[in-house]
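Assemble the dimeric complex from its two separately framed chains, guided by the hints.
Below, each chain spelled out in residue letters.
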Amino acid sequence: EAQVTQNPRYLITVTGKKLTVTCSQNMNHEYMSWYRQDPGLGLRQIYYSMNVEVTDKGDVPEGYKVSRKEKRNFPLILESPSPNQTSLYFCASSLSSPGLAGVDGELFFGEGSRLTVL
Amino acid sequence: GESVGLHLPTLSVQEGDNSIINCAYSNSASDYFIWYKQESGKGPQFIIDIRSNMDKRQGQRVTVLLNKTVKHLSLQIAATQPGDSAVYFCAENRGADGLTFGKGTHLIIQP
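Protein sequence lines, in the order shown, are assigned to chains G and Z. The first sequence begins at 5 in the numbering used here and counts up one residue at a time. The second sequence begins at 8 in the numbering used here and counts up one residue at a time.
Just chain Z, same shape as in the assembly (with noise of 0.2 Å):
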């Protein structure tokens, strides 16, 4: 079946450091994919998104890669910040059901 996961459920960085958060889908019919950053506390909240007849998407301090040969997501955010701390999931769709969610990985800033 489908699935989506992340290399690392953790990572720490300095801040002001860039941040690479890596997924792994495995359908590769997925055409769409989401990232989502989940506060402690807080319900998930849409960061970036990319099509698949896209291979990278910028937004503000983040940029989302796309790399189907290997079917491989990552987010970098750029110049990490205290306020990036966080858990990221990456998703992907799953036709008219909605989204299947990765795990997460809990970025930590160092400061």
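Next comes chain G alone, as it looks inside the complex (with noise of 0.2 Å):
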């Protein structure tokens, strides 16, 4: 089955203590993006990665690293995290970037994962 799963979905941390949200897609897509939603703000990107070893930083990118050593993954990395991470974040992936002239752009979200940082 073709899906984008994160893990942990729920995690209860304390401010300061690193973490890692892992993102793995099954559909060998290039593009992968991590979104943080919040009540009133919609999706907001925190960064995204056109294909292995390359990433850039979307809307939101403080507090936040990223890696794409391998196609299928693309964790999130909180160094040192705050309360105001304290956030759902959804992993995404698609074939290409979406909206490339020619590009289909749906987006495959993972099932989110919801932090809460003490």
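Quick caveat, the hints were computed from the structure, so don't treat them as lab data. Remember, it's a predicted structure, so these values are computed and weren't measured experimentally. Do not rely on the hints blindly, as some may be mistaken.
[Said to hold, decoys possible] Computed footprint of chain Z on chain G, listed as stretches where at least three residues anywhere in the stretch have a Cβ under 8 Å from a Cβ of chain Z:
1. 43 to 57
2. 90 to 102
3. 114 to 120
[Said to hold, decoys possible] Pairwise CB distance ranges, derived in the manner of DEER restraints:
4. Z:Q117 to G:R48: 29 to 35 Å
5. G:R13 to Z:N60: 38 to 44 Å
6. Z:T76 to G:G67: 21 to 27 Å
7. G:R48 to Z:S47: 18 to 24 Å
8. G:P87 to Z:S47: 20 to 26 Å
9. G:V18 to Z:H79: 41 to 47 Å
10. Z:G66 to G:P43: 27 to 33 Å
11. G:T120 to Z:K49: 17 to 23 Å
12. G:E66 to Z:D62: 37 to 43 Å
13. G:P43 to Z:A36: 26 to 32 Å
14. Z:D62 to G:R118: 36 to 42 Å
15. Z:Q117 to G:N77: 42 to 48 Å
16. Z:Q117 to G:L15: 32 to 38 Å
17. G:L15 to Z:K49: 16 to 22 Å
Ideal placement from N, C-alpha and C gives every residue a C-beta, glycine not left out.
Following this line, the structure appears as structure tokens:
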């Protein structure tokens, strides 16, 4: 089954304790992206990756890191989490960058990871 | 900067009626728009898309209308069903970066 898998789905942690949210897709997609979803703010892009070893900042990258060593995996790293990073996080992937000429914009989303930083 | 917004945060409709969800965008250079549906506890799912060389596109029970003159996008859902209850997001492409999402409209279906 084609899917984007995130782990953990739920996590409560404390300020400053490094954590990683993993993301894996089995569709051989080149493009992957992380979003955070907050009430009243919708989905905001944190980082994205056009391909292996290529990552770029989105709209809200502060406090986050990513890596893309393999095509299927795109982990989100919070080196020193703070309470303002409490949010619902979504990983997404697509065949290529959505919306490029001739490219379908269908992003496939994971089920989400709800993170609480105390 | 770019922005994608929605006119109403919540829309309540009777089961069986048609629903219309609206979206305004500000980047006149955007040439591709998508609607996503997010059910409670799940990630967003693609519904339908439209490119700027079109003003209407139809899917199964859904129609997207694009008015480039006033930079307005709408999603019409015919004969709304309980399973249509969700938050609906419009999104526009931002070049190679990916998509910019609106803040969402919560569609509530009344029996």
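Holds or violated: the 16 to 22 Å window for the beta-carbon distance between L15 of chain G and K49 of chain Z?
For K49 of chain Z against L15 of chain G, whose Cβ atoms are near 18 Å apart, the range 16 to 22 Å holds.
Between Q117 of chain Z and L15 of chain G, does the C-beta distance stay in 32 to 38 Å?
holds (36 Å)
Starting from the range 37 to 43 Å, see whether the pair E66 of chain G and D62 of chain Z falls in it by beta-carbon distance.
At roughly 39 Å between Cβ atoms, D62 of chain Z and E66 of chain G fall inside 37 to 43 Å, so the hint holds.
Using the C-beta atoms of T76 of chain Z and G67 of chain G, is the stated range 21 to 27 Å upheld?
Given range 21 to 27 Å: violated, Cβ gap about 40 Å.
Go ahead and decide if the range 27 to 33 Å is satisfied by the Cβ distance of G66 of chain Z to P43 of chain G.
With Cβ atoms ~29 Å apart, the hint holds.
Does 42 to 48 Å hold as the CB distance between Q117 of chain Z and N77 of chain G, or does it fail?
Because 43 Å falls inside the window, the suggested range holds.
Verdict for P43 of chain G, A36 of chain Z (Cβ pair) under range 26 to 32 Å
Holds, at about 30 Å.
Holds or violated: the 36 to 42 Å window for the beta-carbon distance between D62 of chain Z and R118 of chain G?
The hinted range 36 to 42 Å holds for D62 of chain Z and R118 of chain G, with Cβ atoms some 39 Å apart.
The hint says 18 to 24 Å between R48 of chain G and S47 of chain Z; measuring C-beta to C-beta, is that right?
Check passed, 20 Å falls within 18 to 24 Å.
Quick one: are P87 of chain G and S47 of chain Z within 20 to 26 Å, going by C-beta?
holds (25 Å)
Do three or more residues from the stretch 90 to 102 of chain G put their C-beta atoms closer than 8 Å to C-beta atoms of chain Z?
This one holds; 4 residues, not fewer than the three required, reach chain Z with a Cβ under 8 Å.
State, for the Cβ atoms of V18 of chain G and H79 of chain Z, whether the hinted interval 41 to 47 Å holds or is violated.
The hint (41 to 47 Å, Cβ to Cβ) holds, given that V18 of chain G and H79 of chain Z are roughly 45 Å apart.
In terms of the numbered hints stated before, the structure departs from hint 6 and from no other.
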